[in-house]
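Novice: Keeping the supplied structure of chain A fixed, place chain B upon it in accordance with the hints.
Residues per chain are reported as follows:
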Amino acid sequence: MKFKFIEERLFKLLMYLATLAVFGFVVSIIWTIVSRGWGAMSWDMVSKLPGGGFYVGKEGGFLNAIVGSLYIVGASTLLGLLVSIPVVFYMNVYLSKNSRLAYVARLAYDVLFGIPSIVYGAFAFTIMIYFGMKTSLAGGIIVVTLLIVPIFIRSMDEVARTFPRELLDAAYSLGATRFETIRVVLRQIMPGIATATLLSIGRAIGDAAGVMFTAGYTDSIPTSLSQPAATMPLAVFFQMSSPIKEVQNRAYAAAMVLTLIVLALSVAGRLITNRFSKHRV
Amino acid sequence: MISLRALKDRTAGGVMFFLTIASLLLVVAMGVGLYFKSSPVLADHSLGELLFSSSWHPMKGEFGFLPFLMGTLWVTGIAVILFLPVALLAAIYLTEYARPAVRKYVFPALDILAGLPSVIYGVWGTLLIIPWISEWLAPHFVEFSTGYTALAGGVVLGVMILPLMVSLFIELFTSVPSELRDASTSLGATRWQTVKRVVLRKSVTGILAAVVLAVSRAFGETIAVLMVCGNLPEVPRSIFNACYPLPALIANNYGEMLSFPQYEAALMFAAMILFVVILLFNLISRIILYRMEKRFA
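Chains as they are written, first to last, in the working numbering: chain A, 51 to 331; chain B, 953 to 1249.
A few of these clues could be false.
[As the list claims (entries may be wrong)] Label-pair ranges, simulated between beta-carbon atoms:
(1) B:991 / A:150: 32 to 40 Å
(2) B:1236 / A:230: 37 to 45 Å
(3) B:966 / A:271: 39 to 47 Å
(4) A:66 / B:1006: 43 to 51 Å
(5) A:323 / B:1212: 28 to 36 Å
(6) B:1003 / A:291: 25 to 33 Å
(7) A:148 / B:977: 21 to 29 Å
(8) A:147 / B:1057: 34 to 42 Å
(9) B:1131 / A:54: 16 to 24 Å
Hints were generated in silico from the structure; no laboratory data involved.
Glycine included, each C-beta is placed from N, C-alpha and C at the ideal position.
The shape of chain A in the complex, shown without the other chains (with noise of 0.2 Å):
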């Protein structure tokens, strides 16, 4: 057999094991987490604040982390809709296609993007202590919010830049202003608002560097803009680090539905795109 053919099949060979190792990672990480997690659960866990003596493995739940985690998600997703929807349909309706302005734009949203949350967490932190601000549930939703909006922007971009200029020719016809052309726009990358959001609820909830600064930690739920907040991540990484078996084990709990909850995300993401994409002109 000539060189070429050996060639091939060895590296054929190779492809599919190296994308059998994406389902291997996908399947090792699901396992090792659910498996450890499980035995952990209980319905205390989701359902029950920590109560005296928690860490040192007496009795209580992560219901503080949960709360606190919402808190900051739903917060930030909303403040992130209202900032990243105005600059999309800015950017793909009153500039055109070659502005320059947009370049400039979308490429510092992609640079935002890339930008690690520790370092967002490290800036607002020194905001927050030039203002005089204490670690609270305001500051983590402020970071998390400047965290998520480059990619509420640059994945509803995507969407908005395939959006067909014929569609608002044809309102500019019918009298309507740049603005008013907004109706349009939104309903054709509605799928893609739909899915943007899925995705920055997914990095929000498992941001862990951003909040630490800023958020802070606490084991109660807050009930003011003021106070600190507990969150997901931070709650498996400090019950991680802690050397008492039932502490740890409280870990894997927390952090299997921190894992359940991203992968229902991220399934609810892929059925909205197949299902609105078929209304798409």
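Specialist: Chain B in isolation, oriented as in the chain A frame:
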């Protein structure tokens, strides 16, 4: 006299323009803010001393970042060496060989890998990779290892940047015109020869840019690496040594730094190094990738 509708149109335009510019200014604000915050330590120490000294004694006012820079380089290097081939092969398979049905299963898997929070990777590394290194791999090479090593950090980071690399590569390979492939196969080249001589050669710049992007993602990864690297402020001598990457340093000391202005400035300097390096890497590779996109479009 302009109509109300036109007025609305203009005000909305103004507001949106402001929002766009404001988010652009965030990049500048971050750079300036971090620079000001790290200026106390920059005033007392020369840049060379900060970057190339390995003596890290914050209480004595000695801030040598070399161990942390080397730690970051080691874990990133290991991650890229181990996982770049995997990412390339998987991406080639998915674009050149696989039927669309296969992609339907692999893409969700990549989505999941990309979406899992970094703390989950940390737990996975602690539960699986660390025992594997300390009980199975390390005994073949060194006397004793806890498993909390640069290698563990590299493996965990590698899996984390794998989906990013694969999706960037897929985008690059699909943008190579199929006529070029047809020309190559019609001359009798096998598929792999076509990949090697046509597809890879056409996208070599893009591959470099994608790797740079993945590297900068790896530079900033914090929690996962913090959980598996061992965190000893020494320059690692082998892959079985503990290491202490920059982001881990910042995250580990965020509470105690407040009482020492110099210490705080030093940590902010660490954040600034990360910011500057990642900013440059991202700018360069994104501009290259944009160009590639345009060339074939």
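Novice: Decide, hint by hint, whether the structure agrees.
Specialist: The hints, checked one at a time:
{"no.": "1", "hint": "B:991 / A:150: 32 to 40 Å", "verdict": "holds, 33 Å"}
{"no.": "2", "hint": "B:1236 / A:230: 37 to 45 Å", "verdict": "holds, 40 Å"}
{"no.": "3", "hint": "B:966 / A:271: 39 to 47 Å", "verdict": "holds, 40 Å"}
{"no.": "4", "hint": "A:66 / B:1006: 43 to 51 Å", "verdict": "holds, 44 Å"}
{"no.": "5", "hint": "A:323 / B:1212: 28 to 36 Å", "verdict": "violated, 50 Å"}
{"no.": "6", "hint": "B:1003 / A:291: 25 to 33 Å", "verdict": "holds, 30 Å"}
{"no.": "7", "hint": "A:148 / B:977: 21 to 29 Å", "verdict": "holds, 23 Å"}
{"no.": "8", "hint": "A:147 / B:1057: 34 to 42 Å", "verdict": "holds, 36 Å"}
{"no.": "9", "hint": "B:1131 / A:54: 16 to 24 Å", "verdict": "holds, 22 Å"}
Hint violations for this structure: number 5 only, all remaining hints satisfied.
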